[in-house]
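Those protein sequence lines, which keep their order, are chains A and B.
Read in order, the letters of the first sequence are residues 1 to 304 in the working numbering.
Read in order, the letters of the second sequence are residues 305 to 533 in the working numbering.
The hints are simulated quantities; they were obtained by calculation from the structure and are not laboratory data.
Treat each hint with caution, since some may be false.
Stated by the list, open to error - Derived pair list, reagent style BS3-like, types lysine-lysine, alpha-carbon separation capped at 27 Å: (1) B:355 to A:222; (2) A:303 to B:316; (3) B:378 to A:303; (4) B:355 to B:414; (5) B:316 to A:222; (6) A:222 to B:399; (7) B:378 to B:414.
Unchecked claim - In silico negatives: residues of chain B with every beta carbon more than 10 Å from chain A: (8) 329; (9) 360; (10) 394; (11) 468; (12) 480; (13) 484; (14) 524.
Just so it is clear, CB atoms sit at the ideal spot from N, CA and C, and this is done for glycine as well.
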Amino acid sequence: MRIAFVANEVGIGLWRNFSMTVSVVIVTAVSLFFFGSGLLFQRQVDQIEEFTYNNIQISMFLCGAVSDQPSCAGGEVTQEQKSAIEADLEGPELSPFIETWFFESKQQAYDRFVVQFEGSALVEGLTVDQLPESYRVQLVDPQDSEVVVAYFSGRAGVEEVNDQRNLLDGLFNFLNGARWFAWVFALALLSAAVLLVATTIRLAAFNRRRETGIMRLVGASKFFIQLPFMLEGIVAALLGAVLATIGLFAAVRVIVGGYLQGRLTVTPYIGPLDVLAVTPVLFVLAIVLAGVSSLITLQRYLKV
Amino acid sequence: MILFDNVTKVYKTAQRPALNDVSINIERGDFAFLVGSSGSGKSTFLRLVLKEERASRGDVHVAGRDLARLASWKVPGLRRQIGVVFQDFRLLPTKTVFENVAFALQVIGKPRHVIDRTVPEVLQLVGLDGKETRRPDELSGGEQQRVAIARAFVNRPAILLADEPTGNLDPVTSVGIMKLLDRINKTGTTIVMATHDQDLVDQMRKRVIQLDDGHIVRDQARGVYGSGA
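Chain B extracted, bound-state conformation (with noise of 0.2 Å):
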């Protein structure tokens, strides 16, 4: 689903890569995390998935296309197929929490019909039915985050990609949005989520995928977030 081959980055402004010789797969239906410490090439990574940014050199693939060959109006429908969570939620706070899900298929081009019946869906499957007409300013941040993860998820698209989606949030409430990533991974979804949030990692068991200073230190199908076992 994600295939980075021999993919290095190096930015303009900077003196070393990024990212420095990648290569990984990480096939359909996969749980990733991303785990390192700041600066050591996670936020690179999620860029060049969404082709945000271009690898200076490699190829990546995603959703079996060729980025690098994609043609630049074609990157919309890239992105389609791709649902991205932050930090920081990134809701619109003059819309309800309807209508942040609802923009995310209206600047597409869904018609109504389809948007008055998956935004509840979708709403119902994040735990929020119920809190359609709030503003975000009147949510916790839990909850706010869920109202991000129902954007982002409401295309049904086939990569989910996670930005340290817990960083802002208390370990309870963390642990209900990894309950809801995991729950959203079983239908198929394919996560991979950058994090620093060690008991998470160490709780959860999926894959974990260590990058240090641009490089892949590690790459371990039932991981922790340390080095170990």
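If we strip away everything but chain A, and leave its shape as in the complex, we get (with noise of 0.2 Å):
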């Protein structure tokens, strides 16, 4: 009875109020999107992170027969001081920082171009004189990266030592920035979404002011009289927070799914599944948001 009495209430409350009803949805919708997309964003981050970490090089190019680099002063690298390099690689001094390293040879190093350039014009005309020879080196903790490239850059032999990390920073302010603009733009949102449900349930109190005040004299307990109003704003934003999870879906399977994954493939990325696990919090900022601002909203303009 209580169930069925409270439902069609909020029903009743809902329709008589359809225009903002509508209004609450559409803002919380957006609002809740655009804070999901900073989560998503954020497990995007993560799982580069994650990825990059595990599979981070560094990568040391040794002197070809022309390089205008001053430690290439002597000429193309001699097996001297390539030992002299795997020596030190395995010596005490590097060697705990090190998981493993190898030697890439210049024939190596243009199969694996030629594989990963396949069929652009920059495979036409290259030889495999033109590539470098180079040691490939995994950290056991990437954020050591500093100690090999600064124990390597500048000597003789050694063209150039690069960390992968740094190729990866720009992608990594891109993801960040995005993850703020999206958080910064949720607030503001959230924000219109907290006072339009406040102002659609003030005015929801105003339109059912007789229903309430009979109840209050018939003795109807604070909590029953309130309960439609707030049921009503946390319906709404509900509805709103489904529509939220529907777009998120529909963003990642289009951007990430028919967008980015056929198209830059160095790192994993998210999908159906890491918006399945931002949903919950979506649902629980909504209800959160809009009983907490429908019960302040009541607590001044509903008097029981």
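Take the two lone chains, each set in its own frame, and fit them into one complex as the hints suggest.
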């Protein structure tokens, strides 16, 4: 009886206040969509970080026949220099930091390049000799890359030492920026959603002041009088959360599944499971924001 | 049933008290008219009984409760003991007669089978059987007030407060309403009725409490509206 009665009251309230209900649903949906996007960006950054931390390498390119680096003044790297580098990689000073390392010959570099840029004009006219020899070093903890980079930089026979982390910085910066943008945007919209819920509840309370007045007089409890209004706000916000979730699934499918995965294969990407993981946060947020804002509004505008 | 002990009520914005040192005892089963000109304190009296307002000084006891010490979450419990009827009926226009009366039980969580049993009973008591499916705008003023009385009485309150219940009704209809209230009073319900209707008060010969400028100036067992007899 009670449940049916309250559900009926909520339905009537939402319907009578239709345009306000729709606006609450839309604003909540958009704000939660951006909030969810922020969370998904976060997860994407985490995934890339985890992936690159496991795969990050330091590439030590050796001097070829032609190079204008000061460390290559002596011409192409010699066998002695290579032996010295290998000895250092195995030596007591560096070995605690190094997980594995291997030597990549010109031929291996060429083969890898051909595979990576297959069909590209870059491959045509490229000869094996144009690619440098290199050492590829994988660290125990990628945070320690500075040590190894500093150790070999500028050494005779070593043209350049690259930390792959630097290459990814651009990507990280972009993702972090996008995440902050999404969150600031979400925060502004969430504030609007909270105020809109408050206004909607206030209107609903005003529209039904006759009913609530009678409820009060016949001794309905405060909770029972306020419950339908709170539920109205919460139901509208939850509808918004549902739309936001659908939006996030669609966005991940189109942007990640349809665009990024086909073009940039260097890292793993977030998928539907990640959307599923952030969804509960959106729903809880919707309930809490709508609940709290309607509760505060009811304290002020609904006498019980 | 209703006990006022040196009760004074001063509204925040007012200069003079709305009720000034009022002491009165209305027993269980009493039928009391509250008379006096507008602004004499009748409405304040009723609002204090309902705990819509707090007394500035003095004690108000209703149905065995000291209202000053009644926690706010217990106020609904107090109001379930009190039915209220107004001059303007205050019915819900979108609900039928049955639904209007049932509403009072629904919102205090009564189960369906109780509602289905008690609402027809009380509609019969107020003489509205057969009009369950009408809406308020299809009823006469007297019938609307009967719906309001049914709603106030359906939960069998110990006290029924009526604030000018005949104020919008013609004399003949008013007499019908009075007879109904008298019948309810005979079931043991204490009735306090604020009114300006001199003829009704004179006809009924019930207890009359007269307020003037916040003071009780007369409390007469079988009184009339004016100060006579």
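Each hint, compared with the structure:
1. B:355 to A:222: holds (14 Å)
2. A:303 to B:316: Holds - the C-alpha atoms of residue 316 of chain B and residue 303 of chain A are around 18 Å apart, at most 27 Å.
3. B:378 to A:303: With Cα atoms ~15 Å apart, residue 378 of chain B and residue 303 of chain A stay inside 27 Å; holds.
4. B:355 to B:414: Answer holds: residue 355 of chain B to residue 414 of chain B is near 23 Å, not above 27 Å.
5. B:316 to A:222: OK: residue 316 of chain B and residue 222 of chain A at ~25 Å, within 27 Å.
6. A:222 to B:399: holds (22 Å)
7. B:378 to B:414: holds (18 Å)
8. 329: At about 24 Å from chain A, residue 329 of chain B clears the 10 Å cut-off, so the statement holds.
9. 360: For residue 360 of chain B, whose nearest Cβ neighbour in chain A is about 20 Å away, the distance exceeds 10 Å, so it holds.
10. 394: violated (6 Å)
11. 468: Per Cβ check, residue 468 of chain B is outside 10 Å of chain A; nearest 16 Å; holds.
12. 480: holds (23 Å)
13. 484: Nearest chain A Cβ is 19 Å from residue 484 of chain B, so the label holds.
14. 524: holds (30 Å)
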